[in-house]
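Engineer: Each protein sequence line maps, in turn, to chains F and D.
Note that our numbering has the first sequence beginning at 498, numbered continuously upward.
Note that our numbering has the second sequence beginning at 533, numbered continuously upward.
Where hints are given, some of them may not hold.
To be verified - 25 Å max Cα-Cα, derived DMTMM-like pairs, lysine to aspartate or glutamate: (1) LYS554/F - ASP639/D; (2) LYS567/F - ASP535/F; (3) LYS603/D - GLU600/F.
Because the hints were derived from the structure by calculation, they are not lab data.
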Amino acid sequence: DVKVTQSSRYLVKRTGEKVFLECVQDMDHENMFWYRQDPGLGLRLIYFSYDVKMKEKGDIPEGYSVSREKKERFSLILESASTNQTSMYLCASSPSGTSGNNEQFFGPGTRLTVL
Amino acid sequence: AQSVSQHNHHVILSEAASLELGCNYSYGGTVNLFWYVQYPGQHLQLLLKYFSGDPLVKGIKGFEAEFIKSKFSFNLRKPSVQWSDTAEYFCAVNARGTNAGKSTFGDGTTLTVKP
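Extracted from the complex, chain F is given alone in its bound form (with noise of 0.2 Å):
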């Protein structure tokens, strides 16, 4: 079974501060995903990588960075972070290929709240 782990269940952070959202797989998946989730919006597409040290822009990279070091792991930064990142933050990974045939396996979520 793939298993996509997120380091928090729950943050809450100050605005301003930075903050680190960490994302782990054990699937040997080439491609990760950083989502966030909003009521009415569904999944938008912050920053993705296909593999490690490359990064592309989603369809909402603004105040946002990653950081892929590792195959397995793909973090989030919120460089300084406001109250309109507050949401849930959702981790994915895919094995890589052209055909499309490439589902994603989700991380239980990360509910970020910045005061």
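Got chain F; can you put chain D on it based on the hints?
Structural biologist: Okay, now just chain D, sitting in the frame of chain F:
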């Protein structure tokens, strides 16, 4: 770029009622299609997927979906819902030939089944 539209944001049904959730996508090329489900307090998980072959695909828990290429649709169905089907449902599309299995998700449909 592809986009996905889910027509219903919130559906309320009584147990044993039939379910159909609409999903339309916009993309000119070949796609793979997915439905994911998020039960309350649980991870997002795959419900079913279509890559090729029979356009009627069956997934877990009695769900099925039909790919109608001419209508760019991939509607989810279940003949008789149960209270335990209460969840949020997301339609997603991957474009074949593109990198990394990046999916575009719809905004989600919240299904509430009344006992």
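Engineer: State for each hint whether it applies.
Structural biologist: Results for each hint:
no. : hint                : in the structure
1   : LYS554/F - ASP639/D : 20 Å, holds
2   : LYS567/F - ASP535/F : 29 Å, violated
3   : LYS603/D - GLU600/F : 23 Å, holds
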